[in-house]
Structure formats: C-alpha cells, structure tokens
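If you want the building blocks of each chain, they are given just below.
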Amino acid sequence: MKRYSAFAVAREALRFHSGWERAWRNPEPKKKYGVIIIGAGGHGLATAYYLGRNFGIKNVAVIEKGWLGGGNTGRNTTIIRSNYLQDPSAAIYEKARGLYETLSQDLNFNVMFSPRGVMMLAQTQHEIRGYQRTAHANALQGVVTEFILPKRVKELCPIINLDGPRYPVLGALWQPRGGTARHDAVAWGYARACSDMGMDIIQKCEVTAVHQKDGKVSGVETTKGTIECDKLGIVVAGHSGVLADMAGFRLPVESVALQALVSEPIKPCMDVVVMANTVHGYMSQSDKGEMVIGGGADGYNNYTQRGSFHHVEETVRALVETFPMISRLKMLRWWGGIVDMTGDRSPILSKTPLENCFINCGWGTGGFKAIPGSGWGMAELMAKGFSPLTDEFSMWRFKEGKFIDESVAAGVAH
Amino acid sequence: MLIFECPYCGIQADETELSPGGEAHLKRHGPGASDEDFEGYLFMRENPKGVHFERWRHSNGCGKWFHAARCTITLEVFGTYKAQTLEPPKKIKDQIAVKRPGWSWRTFS
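Chains as they are written, first to last, in our numbering: chain A, -7 to 406; chain B, 8 to 116.
It should be emphasised that the hints constitute simulated quantities derived from the structure, not laboratory data. Just so you know, not all the hints are guaranteed correct.
[Stated by the list, open to error] As a list, the in silico DSS-like pairs of lysine-lysine whose alpha-carbon atoms are at most 27 Å apart:
1) B:56 <-> A:196
2) A:391 <-> B:34
3) B:56 <-> A:57
4) A:394 <-> A:376
5) A:223 <-> A:24
6) A:394 <-> B:34
Sequences are here, hints too, so could you generate the full structure?
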C-alpha cells in the first residue's frame, strides 16, 4: 500500500494523478479462512482490523451483502461521545473515543475526527439532576465531562434559544472532546488497512446459511458459494436476527427504523454538537454546511430503511423551538437505517450458543461512536475468548438480570 | 404512512392515531416460570424479516388494543383483529399464505 501524504499529493499532481492505487482489493472468496466476519460496516471492518493489528490474525474475510459502509455506517449522524452513566458503557465508548483521536494517523486515512464538543441539553429539572449524576459518574470513570449553566451554553452555541416556551434550556452536560467524524471515511480507512494486511473484503456476497458441525461453526453458504472458516463473527446490525436465525439461536433484539435528515447547506453557524433528549432531537453542522438532524427511532419492527413522516416532523418541530433560525431552512435529504434495539438499549458483544460463533449487535441508535472500541473488544473476544471491554455485554445478561441499563439512565434510546 | 382498520370502531386509522405495542401473542410467563421462559417472555423477540404479528393501541381513538399482521419488508398490512385471541383468525392466516407462499403460522414462545 502506498502511503497517503502531502508528498504523495504533490507527486501525483505532477504526473496527472496516474499513480493512485485502488484503496482496497476486490477479491473472489477463497475456499477457507481462519476468521469470517459477516458485515463490512464500521464495526465489522474494525473487528477485522484489530484482529490483524493486535493479534496477528490476518487470514480473515469480511463478507458484505451490499457495498462496504453502505448500511448504518453511511446513514448515521456521525456523533462521537462517551458520556454514559454505566461503567461498562463508559469503558467501551471512551475506549472508542480515545482511539478516534489518533485514528487518522493509525489508518493513514483522514477520518476527519473533529472533537468540537458535544452538549446534551438539560430542559427539565429531572434532566438537570440526571446529567449532574452522569457528570459525577464520568469523573469517576475518567471521562472528561462537566455540567454547564445556560450562560455557557449560549456562549458555546449562540444560535440556541434558552427561553423556549415549552422546554427552556436549564443547563447541559458538556463533553469537550466529543464531536464528529466522517462516517464513510471510517469504513474506508479500516477497509484499506485490512486489505493491506492481506484480508479479503468480499462485497455483493450475501450469506444465506450458517454451516455447523458437532455444535461448532464450520462455514457459511453465500451467493458466491460455500466458504469454510474456523471462527465466525456476525456484525450485521439490523439483520442480526436474520443471521442468528441461520445460526440457530434467538436474540433479544428488535429491528426498527431510525431516520435522519440534512438541511440545505448554509454558512457556518454552529461549531458544537447539540443533543436535546427531552424533545428527542439532535443537530450539528457538517463541513459542507448542512444542518445534520436526527431524532428518535420509530416504534414498530421494520426492515425497509424508511420510516414514518410524523417522527421526523416531531423532531424538527421540537428543534425549531430550541433553534428558531432553522425554521426557514429547506430539507435537502432524508433517509433511514435499520437499527437493532435490545431491551436495555446496550449492545451485545458475546459468544453464542454455537461454538466459535460470535456476535456483535444491539448498538441500536448509537453505534457509530463506538466503532473503534467495539472492534477492539470484539477482536480480543474472538482471538482470546475473553475481553474485559466486552465481558459485561454478554447476550446472557438478560437471563441473569445483569442489565447495562442506559435506557433508564438517559430516559431515551442511545 | 401505515393505515390500520381498528377492529373495534371499524374506522381506518393512520399511524398518528395509534401507538405501537410490540410483538403480539407472547406467552406471559410469570412467577414459578423457568429462567429461560421468563427471559423469553420479557426480552426474546421473533423480529422476523417478513410477516410480523404485532399489537397496536388505538390511543387517539377508542383507546383499545388490537392485533395486526404486517410485513416488515413491504409494510403491507394483511389485516387487523381483536386482541382477545391466542392466534390470528383463519381468514388472515389464509390471506397471508396466498400472498407469501411457504409461510406458515408458527408457535411463538
């Protein structure tokens, strides 16, 4: 792999850009791999990358039904934060946020990590107490956050209306090193690094069955034939239930649509990420100038990657109250993705009833921020059979009642 | 936008009039149940890619719970029926079998 650098740009500029190579190979599948990862989204590619980088396991294939990064990795609102209440969540999300800090250098691919700061508005008395509690928990967990007052909120985000008629801004939980990153670039960067290590990323190849022998996974059936493997990682977000069904077990997961939209591009007006969880909307401004807006998930099972109009209407209606200036903006694009929600709104990174088959799912509405940490932990789990990062996120925690209850902690989905 | 016919008041209600209530026909395991059964009732879900039986409440109407059969791939609604039943009426099952060859009613846990 030729490294990307300022020198490379200059060199290519002088020879009509004839020397750029493909970022990743497009191979046909081999008969057998040591590890197969199903799903070439951010989490799947990150798992493969850290398997190779941290554990030297490079006989890996990443199989993707569509194109890499074409699912939720390319559909989210790119927010990165780690201000969670529960210790296991804070550990894995902060690991991820920390890895994002140097991800561009590690991958030699600019993921445009922008630690512009994330602000979660407190708009009720209940939320003030909740976020103060989270700030204290974060202090103990080593996550840098603070509870700030309305004056400081206005300084950080001048376009905000503090005195909304229904939900005034009473304060905020501020994470200065949270922010955003270019979501496609995260998938592309990991894919390029994986391909460089000799891993095969096989796109347009749908898994149709999981083969097993003596209670152990032995391979997968795909639209490009049978591929054998010693270990299998299922990292497919919305379709986790479908894959689990093929592997012969059930999951405490339901797939629903989550929608987002962007406005027409405008001049820079907002250099932080603002989340308003009481009214359930969040907004940031992309480098192109679009206001990127997301809201809550729809309430019913759905595999269509489109959701209900009235949810978007509710989100925008609430945000207009807090940000009056967006009321005149036109909507440019609007899309949905299928997210996999668990009962406690925390992910599952776990062994499964099928030996040597592992699953990483349940990230629900907030998986993008966790990609590097999730890949790091999942790789350790698959390589060594145990990871301190993922230990609490077992799929059996529901039976044991050991929830990681971010749902109750925040009062909203994460 | 989803539109369901409320089986109680008979009107065509659109989604904004209704509240989704998750998977229907769950067997309600209670005290004395095994851990597996109780976990299954509380957390495990069919989550099918295809025909889904679910509960809805006509919350901005008559306020009653009803059941609906719907496809999670096409969002087609096959029909609605009253909630006081352990499985869908034969008419709806037959209708789904015609539209989705190979589909059959399974015993949900």
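Results of checking the hints against the structure:
no.	hint	in the structure
1	B:56 <-> A:196	holds (20 Å)
2	A:391 <-> B:34	holds (17 Å)
3	B:56 <-> A:57	holds (15 Å)
4	A:394 <-> A:376	holds (23 Å)
5	A:223 <-> A:24	holds (11 Å)
6	A:394 <-> B:34	holds (23 Å)
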